[in-house]
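Q: Order-wise, the sequence lines are chains A and B.
Quick note: the first sequence uses my numbering, first residue 2, plus one each step.
Quick note: the second sequence uses my numbering, first residue 200, plus one each step.
None of these hints come from the bench; they were simulated from the model.
Accuracy of the hints is not assured; some may be wrong.
Simulated restraints, written as ranges between beta carbons of each label pair [unchecked claim]:
no., chain 1, residue 1, chain 2, residue 2, range
1, A, A64, B, N227, 47 to 55 Å
2, B, K269, A, S121, 31 to 39 Å
3, B, G281, A, S121, 25 to 33 Å
4, B, Q240, A, M107, 21 to 29 Å
5, A, E88, B, N280, 37 to 45 Å
Restricting the straight-line Cα-Cα distance to at most 30 Å, the calculated cross-link-like pairs of lysine-lysine (DSSO-like) are [as the list claims (entries may be wrong)]:
no., chain 1, residue 1, chain 2, residue 2
6, B, K269, A, K89
7, B, K269, A, K9
8, A, K9, A, K89
9, B, K223, A, K9
10, B, K236, B, K269
11, B, K239, B, K261
12, B, K261, A, K44
13, B, K269, B, K223
14, A, K4, B, K223
15, B, K269, A, K39
16, B, K223, A, K3
17, B, K269, A, K44
18, A, K106, A, K39
19, A, K4, A, K106
20, A, K3, A, K40
Away from chain A, derived, C-beta distances all over 12 Å, residues of chain B [to be verified]:
no., residue
21, K223
22, S230
23, N231
24, A234
25, K244
26, D245
27, E251
28, K256
29, F262
30, P285
Idealized CB from N, CA, C, for every residue including glycine.
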Amino acid sequence: MKKNDNPKVMVEFNLWGEFIDFDEFNRLLNVEPTNTKKKAEYKVPEYAHDTWELSTGYVETMAISVPFEALTSQLSREIDQINCLKEKYCLHSNLIVVIKSHINKMPECILTENCIKFASSTKSEIHFDTYIFEEN
Amino acid sequence: MRSTIFYKSSIMCPEGDGGAGSEKPSLNNVSNSEADKLAKQNGYKDAHDLKEAYVGKSDMSKFNIKVDSKTGQIYLEGLQNGAQIPTGLYR
């Protein structure tokens, strides 16, 4: 990443647990996942879970709230269904904010009220996975 | 190339011996550029993609990519618990 490049930010919403019936998820959620993965597809069994993922993909932006709000607005009408599925399958969830940025051009890092409300209403942790580049 | 072989890990914790006969790796930090480069060389989109393949979405932000200075093997190291996960990939 060069020093004049804009930051790239991706936000993911993940649901995971011991077992997920992805067909049931497809029937009940009005959102297509960007990825689904079974436990057996992971390389380290100790950390493996069935996982349902919705991601914004990398977006060039100066504010993490832009992709974050885009993701949460896509899911805002699914909150009740998400919570039902979480309870039925004993699932956990998180939101991962991935930031790739040059050290001299960091994005604005604000978790807006809408983002916090969504995280809270789905009992999701918010994780940051940051890659800060220093080279010219 | 990305390996499609299922990988059986041997996670090593600082307090443990890392398994019979294993020698504790000497892990060096790598820059984010280097981590991305290593991931791409091994068939992944970037460092984030590599971490996801090994520890999944629940724990990936708890790990950094490091390299064993003796063997060149790429490891994931837990930021808090110090767990060391050999990837079977090399620089």
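Q: Does each hint hold? Answer for all of them.
A: Against the structure, the hints:
no., hint, verdict
1, A:A64 / B:N227: 47 to 55 Å, "violated, 34 Å"
2, B:K269 / A:S121: 31 to 39 Å, "violated, 46 Å"
3, B:G281 / A:S121: 25 to 33 Å, "holds, 31 Å"
4, B:Q240 / A:M107: 21 to 29 Å, "holds, 27 Å"
5, A:E88 / B:N280: 37 to 45 Å, "violated, 29 Å"
6, B:K269 / A:K89, "violated, 48 Å"
7, B:K269 / A:K9, "violated, 34 Å"
8, A:K9 / A:K89, "violated, 35 Å"
9, B:K223 / A:K9, "violated, 36 Å"
10, B:K236 / B:K269, "holds, 19 Å"
11, B:K239 / B:K261, "holds, 21 Å"
12, B:K261 / A:K44, "holds, 17 Å"
13, B:K269 / B:K223, "holds, 10 Å"
14, A:K4 / B:K223, "violated, 37 Å"
15, B:K269 / A:K39, "violated, 34 Å"
16, B:K223 / A:K3, "violated, 36 Å"
17, B:K269 / A:K44, "holds, 23 Å"
18, A:K106 / A:K39, "violated, 37 Å"
19, A:K4 / A:K106, "holds, 7 Å"
20, A:K3 / A:K40, "violated, 37 Å"
21, K223, "holds, 19 Å"
22, S230, "violated, 7 Å"
23, N231, "violated, 4 Å"
24, A234, "violated, 7 Å"
25, K244, "violated, 10 Å"
26, D245, "violated, 8 Å"
27, E251, "violated, 9 Å"
28, K256, "violated, 4 Å"
29, F262, "violated, 9 Å"
30, P285, "violated, 10 Å"
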